[in-house]
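Next come the chains, spelled out residue by residue.
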Amino acid sequence: DGGITQSPKYLFRKEGQNVTLSCEQNLNHDAMYWYRQDPGQGLRLIYYSQIVNDFQKGDIAEGYSVSREKKESFPLTVTSAQKNPTAFYLCASSTGAPTNTEAFFGQGTRLTVV
Amino acid sequence: DAKTTQPNSMESNEEEPVHLPCNHSTISGTDYIHWYRQLPSQGPEYVIHGLTSNVNNRMASLAIAEDRKSSTLILHRATLRDAAVYYCILRPSQILSGYSTLTFGKGTMLLVSP
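Residue numbers (the numbering used here), protein chains in the order written: chain R, 1 to 114; chain D, 1001 to 1114.
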């Protein structure tokens, strides 16, 4: 089935450790996005990529890094510089169709840093 | 990005129609109106989108005001599975700006009673 896969679903890390969240899509979409969601809040954009080997910072990029070496994959690294890393992380993808077709989201990774 | 205003929460009874309002008085002429919904602990799911004309699909209908400063998402017969947070989002046209991102507010939490 086509879609976006995020893994793992739950992730626990100790404070001060870097952690990488996986996001893979088989929809042949050019654009991919990472969002963060805190309890009771909407989603906030961390990074996005429109094409392989290119990406742009979103609204809250500090403390995060990404790579886009393959069209299908857009991993997010939460570094030790991120002050409040505990959150629900969502990956999405979409085409660049001019008529603004839908974005597809993964099921999310819930990261807890202790 | 243009902002939207939605009620924090709404309630409905099962099998009744639901009208979810959204105000977007600063919408530009090339902004598309998107609706997504998010069930608890899941990624957002696309519902519908439109530009000027009313739109229907298998999930819902979108009614857009003539001046485009407001819109209404219509669920024709609410079910318990429709209980979710509904987000109204303005997405700039990808014809002019290339890939555009989705900016999420807090949305409307829809509660459905049996």
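Hints are supplied without guarantee of correctness; some may be wrong.
No farther apart than 25 Å at their CA atoms in a straight line, the calculated lysine to any residue pairs in the SDA-like style are these [said to hold, decoys possible]:
#	chain 1	residue 1	chain 2	residue 2
1	R	Lys57	D	Thr1030
2	R	Lys14	R	Asn53
3	R	Lys14	D	Ser1041
A partial selection of chain R residues facing chain D, derived with a Cβ cut-off under 8 Å [what the hints assert, rightly or not]:
#	residue
4	Pro39
5	Gln41
6	Glu102
7	Phe105
Derived from the structure by calculation, the hints contain no laboratory data. Built from N, CA and C at the ideal position, the CB exists for glycine as well.
Comparing the hints with the structure gives:
1. R:Lys57 to D:Thr1030: Holds - the C-alpha atoms of Thr1030 (chain D) and Lys57 (chain R) are around 24 Å apart, at most 25 Å.
2. R:Lys14 to R:Asn53: Cα-Cα ~30 Å, so violated.
3. R:Lys14 to D:Ser1041: holds, 23 Å
4. Pro39: Status violated, d = 11 Å.
5. Gln41: At 6 Å from the nearest chain D Cβ, Gln41 (chain R) passes the 8 Å test, so the hint holds.
6. Glu102: Glu102 (chain R) check passes; min Cβ-Cβ to chain D is 4 Å, inside 8 Å.
7. Phe105: holds, 3 Å
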